[in-house]
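S.K.: Take a look at the letters that make up each chain.
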Amino acid sequence: MENEKEFQARLLAAFKVESEEHINSITNNLLKLERITSHEDYIPVIETVFRSIHSLKGAARAVNLKWIEALCKSIEDVFAVCKKFKSKLSSEQLDILLKGIEIITIYIQKPESDPKIFRDLIAKIDNIKIEEKAQPTQPPITIVEQIKPEVKSLDTIRVSTSKLNDLLIQTEEMIPVKVTIANTIKVLRQMLDSFNLWNPKNLQEKIMELSESTEDLHRSYSQQIEKLLSDIKQVLMLPFSSFLEGIPKMARELSRDQGKEVNIEITGGEVEIDRRILEAIKDPIIHMVRNAIDHGIEMPKERISINKLPVGKIKIRVSTPASDKIELIISDDGHGIDIKSLKEVVIKKGIITESTARDLDEQTFISYIFQSDISTSPIITDISGRGLGMAIVQERVEILGGKISVNTSLNKGTYFKIILPVTIASFRGIFTRVSEHVFVFPTVSVNRIKRVKKDELQTIENRHTILENHKTIPIVSLGEVLELSISYKKSSDSDYIQLVIVESGNHQIAFTVDEILDEEECIVKHFGSQLARVKAISGATIIGRGRVVPILNIQDLISLAKNSRALAQVKETQKEENIEPEIPKSTVLVVDDSVTSRILLKNVIESSGYKVKTAVDGLDALSILKTEKINLVVSDIEMPRMNGFSLTEKIRNEKNISETPIILVTARESKEDRERGIDSGANAYIIKRSFDQDNLLSIIKRLI
Amino acid sequence: MNLDKEEILLQRAKDLAKKKEIIEAKLLQLDIVEFYLSNEKYGIESLFIREILPLKDLTPLPFTPPFLMGIINVRGQILPVMDLKFFFDLPAKGIHDFQKVIIVSYNSMETCIIADSIIAAKSIPLTSIQPAPPTLKGIQAEYIKGVTKEFLIILDIEKILTDKKIIIHDEVT
Numbered sequence: 001m002e003n004e005k006e007f008q009a010r011l012l013a014a015f016k017v018e019s020e021e022h023i024n025s026i027t028n029n030l031l032k033l034e035r036i037t038s039h040e041d042y043i044p045v046i047e048t049v050f051r052s053i054h055s056l057k058g059a060a061r062a063v064n065l066k067w068i069e070a071l072c073k074s075i076e077d078v079f080a081v082c083k084k085f086k087s088k089l090s091s092e093q094l095d096i097l098l099k100g101i102e103i104i105t106i107y108i109q110k111p112e113s114d115p116k117i118f119r120d121l122i123a124k125i126d127n128i129k130i131e132e133k134a135q136p137t138q139p140p141i142t143i144v145e146q147i148k149p150e151v152k153s154l155d156t157i158r159v160s161t162s163k164l165n166d167l168l169i170q171t172e173e174m175i176p177v178k179v180t181i182a183n184t185i186k187v188l189r190q191m192l193d194s195f196n197l198w199n200p201k202n203l204q205e206k207i208m209e210l211s212e213s214t215e216d217l218h219r220s221y222s223q224q225i226e227k228l229l230s231d232i233k234q235v236l237m238l239p240f241s242s243f244l245e246g247i248p249k250m251a252r253e254l255s256r257d258q259g260k261e262v263n264i265e266i267t268g269g270e271v272e273i274d275r276r277i278l279e280a281i282k283d284p285i286i287h288m289v290r291n292a293i294d295h296g297i298e299m300p301k302e303r304i305s306i307n308k309l310p311v312g313k314i315k316i317r318v319s320t321p322a323s324d325k326i327e328l329i330i331s332d333d334g335h336g337i338d339i340k341s342l343k344e345v346v347i348k349k350g351i352i353t354e355s356t357a358r359d360l361d362e363q364t365f366i367s368y369i370f371q372s373d374i375s376t377s378p379i380i381t382d383i384s385g386r387g388l389g390m391a392i393v394q395e396r397v398e399i400l401g402g403k404i405s406v407n408t409s410l411n412k413g414t415y416f417k418i419i420l421p422v423t424i425a426s427f428r429g430i431f432t433r434v435s436e437h438v439f440v441f442p443t444v445s446v447n448r449i450k451r452v453k454k455d456e457l458q459t460i461e462n463r464h465t466i467l468e469n470h471k472t473i474p475i476v477s478l479g480e481v482l483e484l485s486i487s488y489k490k491s492s493d494s495d496y497i498q499l500v501i502v503e504s505g506n507h508q509i510a511f512t513v514d515e516i517l518d519e520e521e522c523i524v525k526h527f528g529s530q531l532a533r534v535k536a537i538s539g540a541t542i543i544g545r546g547r548v549v550p551i552l553n554i555q556d557l558i559s560l561a562k563n564s565r566a567l568a569q570v571k572e573t574q575k576e577e578n579i580e581p582e583i584p585k586s587t588v589l590v591v592d593d594s595v596t597s598r599i600l601l602k603n604v605i606e607s608s609g610y611k612v613k614t615a616v617d618g619l620d621a622l623s624i625l626k627t628e629k630i631n632l633v634v635s636d637i638e639m640p641r642m643n644g645f646s647l648t649e650k651i652r653n654e655k656n657i658s659e660t661p662i663i664l665v666t667a668r669e670s671k672e673d674r675e676r677g678i679d680s681g682a683n684a685y686i687i688k689r690s691f692d693q694d695n696l697l698s699i700i701k702r703l704i
Numbered sequence: 705m706n707l708d709k710e711e712i713l714l715q716r717a718k719d720l721a722k723k724k725e726i727i728e729a730k731l732l733q734l735d736i737v738e739f740y741l742s743n744e745k746y747g748i749e750s751l752f753i754r755e756i757l758p759l760k761d762l763t764p765l766p767f768t769p770p771f772l773m774g775i776i777n778v779r780g781q782i783l784p785v786m787d788l789k790f791f792f793d794l795p796a797k798g799i800h801d802f803q804k805v806i807i808v809s810y811n812s813m814e815t816c817i818i819a820d821s822i823i824a825a826k827s828i829p830l831t832s833i834q835p836a837p838p839t840l841k842g843i844q845a846e847y848i849k850g851v852t853k854e855f856l857i858i859l860d861i862e863k864i865l866t867d868k869k870i871i872i873h874d875e876v877t
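Line by line, the protein sequences give chains A and B.
The numbering used here applies: residue 1 is where the first sequence begins, and numbers increase by one.
The numbering used here applies: residue 705 is where the second sequence begins, and numbers increase by one.
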């Protein structure tokens, strides 16, 4: 049984959720009232507010929040009169009412505030005199007190019943899976019995039955599960408006405090986005709007003097340029970023030299505002302060798998464009390996992946660099930047190094890794409260069999690389004997029925200077071998028509090609298979599971 | 009639409240889970334990202090794993397969504590717990709620989980 306290707590929780809706509606409509000029538009808004305040009052009474009830009653009375006389409220009167709503919001979050505030405010509200004619708007005399409303958490979401019904139906349709699996278990047990008693006929029948039912299950449910997944994702989507609704109120307070006038224009609030992304992008948006008001929009007097309207304008536009992308534009018509001062700061800070600064175009230059050492600079106030915290904004956006860019022109304004993925899942990452560690580079930040010969590297001021698109990019070892304790035995074995060239802000750095594993779509998992911020790591993702892989924070990585002396040390000692004679390129034939393996092998072998031909199975390979000059064969074992063993035997028995070296690459690991491979006449037998490209290349080198 | 009803209800409420007191007296016991960490016996109040799992697939993170062993995946949730040995100056012992992680939570903080092995879950009377010996200093004493006669060290999970020292907030400078 629940005791009274628990019941009260539950009621209160329900009230919080309900009140939030009413309060949002009331606040927005109150703000709307201020802007409406025509009489016809005014009345319906008054109606809406009246209804919302009435409901709020009722809800407050139900949970015995007397002060809220009383305050609501006063506000309700004001609107009742408004309705009756069809009269307008002045800016000041609206201020008082807004203040009332604000106090209610705070009280709901923290019910211990002083009743005196309520009493005073109720007195003020009751004093509001409503005239039949609208009063001229006057600038407010009282300065609105800065009480920050508690940031509302999105613990609950509103989902349309139709969406939920749809989900229920789909989930119900999953019941047969349970039944079928139960049956599968039963049949498997029977099979085991038949096997023990050795009843092959019965066994065969059961296998047939099982295979059919499993196929059925797969056919009908693979799509079903996909659909369920995407529908659940839909449920987690929220319209942007659920958060943007709060922006005009915040902007209003902020601009009034500074004696500025700002009009916020929001379009595309109906666009839906994954609530986790919305949650993460909130602070950056608030920050940017604040910046625009603080530093972008000029004082009304100043604006008039340069022929602008006294009221500044901030536009927030949300749109979906592609089905998986959301574009968020935040622009203002303020005085823009002063590039000249920015240039001075950047040069003064020694980030670039004066001569390089001259060569940079303005657009490249502006992106310096995203650099953290610029933003923390005290000089920032001289250049409009725009940079403040922009580094954090960029970091947030990049963690989400998005991009941010900025455009500005002096006295016309600033324009930020943020591209975001619609759902968290559409984050792509490049999986790399350093020793036994695996790390993910966000694909958005990676410019190129490159395999280069060690002797192609250039050394500038004792640092290894690489020339890419006429730009010199420093090379840094990922393992050393991350201070991993690993042995470097491996990298010196090969003549090649694997580079991941990343870019953030204006910097490009090439990181060496041992291996590129894959590029995959992955889900970003953020760490809990204990790991508030880990250097160089922005989160983690989970790969097959539940292994956790850290995701690299590119900005951190670049800063670390710049500071450290962890430059890739490519040993010079081996170079002496590496005089490669100019011989005609050898041709390698890759035989594999899987496209992926074929492409993988082809790339690996081609990258070390061989010509590569491909065949889809043994028969195909044999016909190529008979017509073309092939120096070596790399073949899979399991293939349709003719497998790798037969191919090897066939080659060994064919006159002109019998001497061709053959490397079998296979998933079969058993000793028997290995022996069979050697018996059939293969020169090498490589197991796919432990596939290592350097190993393969050195074997090829040895055999040709 | 109504008054009578109210009186009955009131009496009932009083009775219920009394019984609770008796139950509370019984509750002067502490439910704990006992585990080994470097041959020392530790106890954590069950109240703070979400679950206990075998340790597998620990992913270490760069630039983290030694007490943070790495992160694990608990059904899709990423959780940090702490090795309390580093707070208690215990001899290090490598990771073994038999090691367990104890997921503990307090308020919004949730983390894992590594254990060599779990001994048992049991109730001990509060009276058997004595304050930490004065020889313990600093962090060692801070994190301990008390010690029993059997040298079972009861950890103060509330203290540990609210200590800023365990939070990693590292910016690149």
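Derived from the structure by calculation, the hints contain no laboratory data.
Possibly wrong hints are sitting among the right ones.
[Stated by the list, open to error] In the DMTMM-like style, the derived pairs of lysine to aspartate or glutamate whose C-alpha atoms are separated by at most 25 Å in a straight line are: (1) A:Lys-655 to A:Glu-628; (2) A:Lys-471 to A:Glu-354; (3) B:Lys-804 to A:Glu-436; (4) B:Lys-804 to B:Glu-875; (5) A:Lys-525 to B:Asp-708; (6) B:Lys-869 to A:Glu-628; (7) A:Lys-403 to B:Asp-761; (8) A:Lys-5 to B:Glu-854; (9) A:Lys-5 to B:Asp-761; (10) A:Lys-5 to B:Glu-875; (11) A:Lys-453 to A:Asp-495; (12) B:Lys-760 to A:Asp-694; (13) A:Lys-602 to A:Asp-455; (14) B:Lys-760 to A:Glu-520; (15) B:Lys-760 to A:Asp-518; (16) A:Lys-525 to B:Glu-875; (17) A:Lys-562 to B:Asp-708; (18) A:Lys-525 to B:Asp-761; (19) A:Lys-403 to B:Asp-874; (20) A:Lys-562 to B:Glu-710; (21) A:Lys-163 to A:Glu-18; (22) A:Lys-348 to B:Glu-755; (23) B:Lys-760 to A:Glu-344.
[Claimed, not checked] Computed Cβ-Cβ distance ranges for the label pairs, DEER-style: (24) B:Pro-769 to A:Ile-286: 52 to 60 Å; (25) B:Leu-714 to A:Asp-166: 22 to 30 Å; (26) A:Thr-184 to B:Pro-837: 40 to 48 Å; (27) A:Lys-178 to B:Ile-823: 45 to 53 Å; (28) B:Phe-767 to A:Arg-547: 18 to 26 Å; (29) B:His-873 to A:Thr-459: 54 to 62 Å; (30) B:His-873 to A:Ile-286: 18 to 26 Å; (31) B:Glu-710 to A:Ser-529: 25 to 33 Å; (32) A:Leu-192 to B:Pro-837: 57 to 65 Å; (33) B:Phe-767 to A:Lys-611: 43 to 51 Å; (34) A:Thr-184 to B:Ala-824: 45 to 53 Å; (35) A:Glu-279 to B:Glu-755: 50 to 58 Å.
[What the hints assert, rightly or not] Here are some, though not all, of the chain B residues that point toward chain A, as calculated from beta-carbon distances under 7 Å: (36) Ile-753; (37) Glu-755; (38) Phe-767; (39) Asn-777.
For each residue, glycine too, the CB sits at the ideal point set by N, CA and C.
S.K.: Which numbered hints are broken by the structure, listed smallest first?
M.R.: Of the numbered hints, 4, 5, 6, 7, 8, 9, 10, 12, 17, 20, 22, 23, 24, 25, 26, 27, 29, 31, 34, 35, 36 and 37 do not hold.
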